[in-house]
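From just these sequences and the hints, can you work out the full model?
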Amino acid sequence: MKVLVTTAFVVLAGAVRAEVLLSDDEIQQTLSFGPWPISFQSDPSNRVSNDTRTIALGAALFNDPVLSVDGAFSCASCHDPEQAFTTSDARAFGRVLLDRNTPSLRNLAGLRWYGWGGKSDSLWAASLHPIIDEQEMGHSKESLKTAISESIYIDDFEAIFGEIQIQDPELVLVNTAKTLSAYLETLATGRTQFDDFRDALENQDLAAAANYPEAAQRGLQLFIGRGNCVLCHNGPRFSNNEFHDSGVPYFLSETEVDDGRFGGLNFLLSNAYTLDGNWSDDLEKQGAWVVRSVRRSHSDFGTFRTPSLRGVAETAPCMHDGSLIDLDAVIRHYSEIDTERLHADGEAILSELNLSEQEIADLAAFLESLSKVP
Amino acid sequence: MSSETQNAPKVHVAVDEIPLAQPFFILVTVCDDIAVSEVRVDAIMPAHQHGLNYAPKITALGDGVFRAENMLFHMPGLWELRVDANFGGQSISYTSDVVLK
Numbered sequence: 001m002k003v004l005v006t007t008a009f010v011v012l013a014g015a016v017r018a019e020v021l022l023s024d025d026e027i028q029q030t031l032s033f034g035p036w037p038i039s040f041q042s043d044p045s046n047r048v049s050n051d052t053r054t055i056a057l058g059a060a061l062f063n064d065p066v067l068s069v070d071g072a073f074s075c076a077s078c079h080d081p082e083q084a085f086t087t088s089d090a091r092a093f094g095r096v097l098l099d100r101n102t103p104s105l106r107n108l109a110g111l112r113w114y115g116w117g118g119k120s121d122s123l124w125a126a127s128l129h130p131i132i133d134e135q136e137m138g139h140s141k142e143s144l145k146t147a148i149s150e151s152i153y154i155d156d157f158e159a160i161f162g163e164i165q166i167q168d169p170e171l172v173l174v175n176t177a178k179t180l181s182a183y184l185e186t187l188a189t190g191r192t193q194f195d196d197f198r199d200a201l202e203n204q205d206l207a208a209a210a211n212y213p214e215a216a217q218r219g220l221q222l223f224i225g226r227g228n229c230v231l232c233h234n235g236p237r238f239s240n241n242e243f244h245d246s247g248v249p250y251f252l253s254e255t256e257v258d259d260g261r262f263g264g265l266n267f268l269l270s271n272a273y274t275l276d277g278n279w280s281d282d283l284e285k286q287g288a289w290v291v292r293s294v295r296r297s298h299s300d301f302g303t304f305r306t307p308s309l310r311g312v313a314e315t316a317p318c319m320h321d322g323s324l325i326d327l328d329a330v331i332r333h334y335s336e337i338d339t340e341r342l343h344a345d346g347e348a349i350l351s352e353l354n355l356s357e358q359e360i361a362d363l364a365a366f367l368e369s370l371s372k373v374p
Numbered sequence: 001m002s003s004e005t006q007n008a009p010k011v012h013v014a015v016d017e018i019p020l021a022q023p024f025f026i027l028v029t030v031c032d033d034i035a036v037s038e039v040r041v042d043a044i045m046p047a048h049q050h051g052l053n054y055a056p057k058i059t060a061l062g063d064g065v066f067r068a069e070n071m072l073f074h075m076p077g078l079w080e081l082r083v084d085a086n087f088g089g090q091s092i093s094y095t096s097d098v099v100l101k
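First to last, the protein sequences are chains A and B. Quick note on numbering: the numbering used here labels position 192 of the first sequence as 192, and the sequence is numbered without any gaps. Quick note on numbering: the numbering used here labels position 5 of the second sequence as 5, and the sequence is numbered without any gaps.
All clues given are correct.
No more than 16 Å apart at the CA atoms, straight line, and that leaves these computed lysine to aspartate or glutamate pairs for EDC-like:
| id | chain 1 | residue 1 | chain 2 | residue 2 |
| --- | --- | --- | --- | --- |
| 1 | A | Lys372 | A | Glu314 |
| 2 | A | Lys372 | A | Asp196 |
| 3 | B | Lys101 | A | Asp25 |
| 4 | B | Lys57 | B | Glu38 |
| 5 | B | Lys101 | B | Glu80 |
| 6 | B | Lys101 | A | Asp24 |
| 7 | A | Lys141 | A | Glu170 |
| 8 | B | Lys101 | A | Glu26 |
| 9 | B | Lys57 | B | Asp42 |
Since the hints were derived computationally from the structure, they do not count as laboratory data.
Structure below.
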């Protein structure tokens, strides 16, 4: 009798175990994509970070055309809160057609770099540039100060930052950007089907882990295995937040190129709004080592920041120029990658994966699970 | 660490667990009677033809100990850590392999 019971137990355990396809090594790697959410830390370079009143004002300003010089559109016109803070256009369209795809604004708190080419090292600087960029909101510091003074937000603004009339227009600009940043810091993607799987593995609850579809598990195995995706898309955000060439053409026209990281660094190193500059509120300048020590290299040319893959199923089209219409197209791009297009002096990471239809579907199932509510 | 130079003074590296794509520091200890005037630290990924995206900052702590900070390994895999130490005009190179998961 005793023997029978034991046998039954072993068979049962075996059956459950079979549904978690990952090896111990793969399980260890899977744990590195969490836990999620990441605990929030307020931004030391922004004194109004994590301040409730400022967050509310930031949300209102973000959605209001007052931030564009002619009241033509708001930040939300491109970063639409109803569409995961982007739009379905391949390239952003405001005053003019921009060169790049509008990124979703979720999960940005605490990153080292912002923008496809990393032209900002803080979220408040990344929120400042569009206000004064002629192709975006088109304000000058002076017109912004007037617009805020005459807007319905003036009381809230002054309650936070003091009387506006005695503020230099540049200070008004920075204060406005820090207000927007306080709001943007609160935008994050929620827990997903993948996170439940990952946490179940951590708790060694294989029965719960086995709820995660096998197709997604096989996709995950490809992602950390033969696909090499994890080399760049790693950590809880599925991004190393550095710059790479993933074989997307960077020609804008026959004569023009998008120089990506190269131009991003030029911009960063020639403007005042960095963590090493006077506008940072952090006396210890904690994040300033990044701009101080970043190296420049000719291989920066035409590289772009590795995007986070959380919520990626909601933000098609993909890539810096929106040239790939959905996840299936991205996976096929990596599968058939034209290595001739990669920089000759590049990293030699990507190579044709020649994925089968089944493998393409598996990788898609995995990527989609990074957006699926559990 | 190992060096191709014969009878090179010993160099040790101390490092805690290395976080992926996040900054960390290492301590380099040079064991020799000859004073070390300068230490440089760098790293490359031989498989991917790239090095560090940030220049390490070196501080001499005294007694042949140097701290290299702002080190950042932005990819998992094999990194080759390289230390160049200058002993009274002679520069000696040391390397050590680090595998990051």
